[in-house]
Amino acid sequence: MASLSLDNVKKVYPGGVEAVKGVSLQVPDRAFVVLVGPSGCGKSTLLRMIAGLETITSGTVKIGDRIVNDVEPANRDIAMVFQNYALYPHMKVFDNMAYGLRNRGMGEPEVKRRVDEAARLLEIGQLLDRKPRQLSGGQRQRVAMGRAIVRQPAAFLFDEPLSNLDAKLRVQMRVEIKKLQRDIGTTSIYVTHDQVEAMTMADILVVMNAGSAEQIDTPREIYQRPRTTFVASFIGSPSMNFLPAKLTGDGKGVIVGGVPIALTGGAHAAASTITVGVRPEEIVVGADGATHTVAIDVIEHLGADTIVHGKLVADGAAALTVRLVGYWPLAPGEILPVALHARALHLFDPTTGQRL
Amino acid sequence: MVERRSMLARLVPHVILCLGVAILAFPVYLCFVGSSHPQDVISNGQMPLVPGHLLTESYWLALTRGVARTSSEPVGLMLLNSLTMALIIASGKIAISIISSFAVVYFKFPFRMAAFWMIFITLMLPVEVRIYPTYKVVADLGMLDTYAGLTVPLIASATATLFFRQFFLTIPDELVEASKLDGAGPMKFFWDTVLPLSRTNIAALFVILFIYGWNQYLWPLLITTRSDMQTVVIGIKKMIVTQDALTEWNIVMATAMLAMLPPVAVVVLMQRWFVRGLVETEK
Ligand SMILES: Nc1ncnc2c1ncn2[C@@H]1O[C@H](COP(=O)(O)OP(=O)(O)O)[C@@H](O)[C@H]1O
Ligand SMILES: [Mg+2]
Chain A
45 MASLSLDNVK
55 KVYPGGVEAV
65 KGVSLQVPDR
75 AFVVLVGPSG
85 CGKSTLLRMI
95 AGLETITSGT
105 VKIGDRIVND
115 VEPANRDIAM
125 VFQNYALYPH
135 MKVFDNMAYG
145 LRNRGMGEPE
155 VKRRVDEAAR
165 LLEIGQLLDR
175 KPRQLSGGQR
185 QRVAMGRAIV
195 RQPAAFLFDE
205 PLSNLDAKLR
215 VQMRVEIKKL
225 QRDIGTTSIY
235 VTHDQVEAMT
245 MADILVVMNA
255 GSAEQIDTPR
265 EIYQRPRTTF
275 VASFIGSPSM
285 NFLPAKLTGD
295 GKGVIVGGVP
305 IALTGGAHAA
315 ASTITVGVRP
325 EEIVVGADGA
335 THTVAIDVIE
345 HLGADTIVHG
355 KLVADGAAAL
365 TVRLVGYWPL
375 APGEILPVAL
385 HARALHLFDP
395 TTGQRL
Chain B
211 MVERRSMLAR
221 LVPHVILCLG
231 VAILAFPVYL
241 CFVGSSHPQD
251 VISNGQMPLV
261 PGHLLTESYW
271 LALTRGVART
281 SSEPVGLMLL
291 NSLTMALIIA
301 SGKIAISIIS
311 SFAVVYFKFP
321 FRMAAFWMIF
331 ITLMLPVEVR
341 IYPTYKVVAD
351 LGMLDTYAGL
361 TVPLIASATA
371 TLFFRQFFLT
381 IPDELVEASK
391 LDGAGPMKFF
401 WDTVLPLSRT
411 NIAALFVILF
421 IYGWNQYLWP
431 LLITTRSDMQ
441 TVVIGIKKMI
451 VTQDALTEWN
461 IVMATAMLAM
471 LPPVAVVVLM
481 QRWFVRGLVE
491 TEK
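Protein sequence lines, in the order shown, are assigned to chains A and B.
Position one of the first sequence corresponds to residue 45 (the numbering used here), numbered consecutively onward.
Position one of the second sequence corresponds to residue 211 (the numbering used here), numbered consecutively onward.
Hints in this document: simulated from the structure, not taken from any laboratory.
Beta carbons are placed, not taken as given, at the ideal position from N, Cα and C, and that holds for glycine.
It is possible that part of the hints are untrue.
Cross-link-like lysine-lysine pairs, in silico, DSS-like; alpha carbons within 30 Å at most [unchecked claim]:
#1 A:K65 / B:K318
#2 A:K175 / B:K448
#3 A:K296 / A:K355
#4 A:K54 / A:K222
#5 A:K222 / B:K390
#6 A:K175 / A:K156
#7 B:K447 / A:K175
#8 B:K318 / B:K390
#9 A:K156 / A:K223
#10 A:K136 / B:K390
#11 B:K390 / A:K223
#12 B:K398 / A:K136
With the Cβ distance kept under 10 Å, some of the chain A side facing chain B (calculated, not the full set) [what the hints assert, rightly or not]:
#13 N119
#14 G302
#15 A306
#16 R399
Negatives, chain B to chain A, calculated, CB over 10 Å [stated by the list, open to error]:
#17 M217
#18 I226
#19 G230
#20 A232
#21 M257
#22 Y269
#23 P284
#24 G286
#25 P336
#26 V347
#27 A349
#28 A368
#29 L385
#30 L407
#31 L431
#32 L479
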């Protein structure tokens, strides 16, 4: 068990692709860090640099107190769980889990003790004599986890470990991995493109975009105070609405769709034109205190929620999505009165995308 | 095939298959029959279609004595020579090509692709093409009439190298990476992962290469002068003398039958593996 720290880590692939553009990250001991971002943003590259499977172009990676830039993967004291499990097809489950221990010269009684312990933890004791091809996807996933656990490494690295599973199993394994990590307390870095996994599993969430870490914070902070429009739109489902707005001269209010809204704090911006973000679930619907009206285009009934896609009835007619709890008997073409409250608004600079 | 087809539609392919088998098997049958008749019956041009009375005698004579002329060796010895040659060629080809493919696929070294293409180009240079220089080298090295001389010049195999390379390229990269994280160095990865995964491919290749080695004719003909180094394929040829009447046809045909047995045995024994190696991979 150890802390982990990245200092301005960069990766340029041969051919000039700049996959990771200077990421710094402090991971305390026992923390569960999730790297999330769209496909191709450099998550896997970053993880593989920590594992030692890719060279580090510049910057330093520290595991515990040791700089590991030039340390072989096997000697970095980390274990990795791959997306396609990467189990040895010709070895029984037991041998798959024992392989790394035996290669390190561990005695057979201790190997057996550790494998049995991990198998008990993962409830795969009855599978130890099978070959990987005789296992289901979920079982293979557990064996891959087991192979990491028996090593008792300083850190676990996961690269989208659940994306080959069906939706139901994914939810179940997500909960189990999180619980397991809390129980054994091993520092973990987990890569995913799934924001639900990211939000539910992370102690520290790193939102990546085009090779940079856009925001590193707790999931709650990232949801409530996204630092950029990218983070704001990536986390949350449906995505945050963005509306063009004007800041009043004194910075105490914004004008959205022609309607002035007094801000609780105040804001400063270089230009008076700004972007206002508001989450679909934070728009209040009802005639009382309504500030705007929405012309409904499409309704989606999810059962627990109703999602309304429409346009703000105002000049500019910006698109707006509203999420309502429960079943709402609405129809396309209807006009919905809504209220945008000041505390629900996120203000961004429209050119840089930074939070104001 | 699950659909029910008419009697005729099922019969036609069957008849064609039976015809094919008959055409291929008939000469073998004739040879078998010929080995059981006295030599003068065959020399006279009467080819009987049912086995005669010399069956065990012909085979016994062939195995232990060969043909009656003094220079000839017993077929038992020739079979042993052929077996040794075929086994060395097959296992040597597999060992060398699996290691070279491993190097080409998993290591980055200068001129890697150049090395690969040079191996590839040797496809155009079989022994028959480079026969004089190869003979000269082998003769200068004093390897005439040795097993080394018989096998070494045939052992490098571009085909097998390509075959293993294609197979290695289908092994997922994550398996290499998992091995690295599990503390296995390159050679340990080779022994513990690559080799076990290649088992069926090795078996399939062994069948093909064993038969290739067994059937060698031109090279052993050049390189062996001593009759006790003769292989059976050459032995058969030498048993047939120009004057028809002097050829002991029953012995020749018995030898031909005997020469067919080891390749048949290899195919039959390895059939299961052979088919699996060519159609499926265990990944
Ligand atoms: N081996 C490689 N060589 C060159 N470019 C690569 C290589 N691996 C990944 N890339 C590029 O680096 C970028 C980041 O890739 P990756 O880290 O795999 O993204 P993610 O895991 O976030 O989807 C992508 O643009 C990808 O095309
Ligand atoms: Mg990836």
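For each hint, the structure was consulted:
no. : hint            : result
1   : A:K65 / B:K318  : holds, 26 Å
2   : A:K175 / B:K448 : violated, 54 Å
3   : A:K296 / A:K355 : holds, 26 Å
4   : A:K54 / A:K222  : holds, 29 Å
5   : A:K222 / B:K390 : holds, 26 Å
6   : A:K175 / A:K156 : holds, 18 Å
7   : B:K447 / A:K175 : violated, 52 Å
8   : B:K318 / B:K390 : holds, 16 Å
9   : A:K156 / A:K223 : holds, 24 Å
10  : A:K136 / B:K390 : holds, 19 Å
11  : B:K390 / A:K223 : holds, 28 Å
12  : B:K398 / A:K136 : holds, 18 Å
13  : N119            : holds, 8 Å
14  : G302            : violated, 56 Å
15  : A306            : violated, 56 Å
16  : R399            : violated, 39 Å
17  : M217            : holds, 41 Å
18  : I226            : holds, 38 Å
19  : G230            : holds, 37 Å
20  : A232            : holds, 42 Å
21  : M257            : holds, 54 Å
22  : Y269            : holds, 44 Å
23  : P284            : holds, 44 Å
24  : G286            : holds, 40 Å
25  : P336            : holds, 35 Å
26  : V347            : holds, 41 Å
27  : A349            : holds, 45 Å
28  : A368            : holds, 28 Å
29  : L385            : violated, 5 Å
30  : L407            : violated, 6 Å
31  : L431            : holds, 43 Å
32  : L479            : holds, 22 Å
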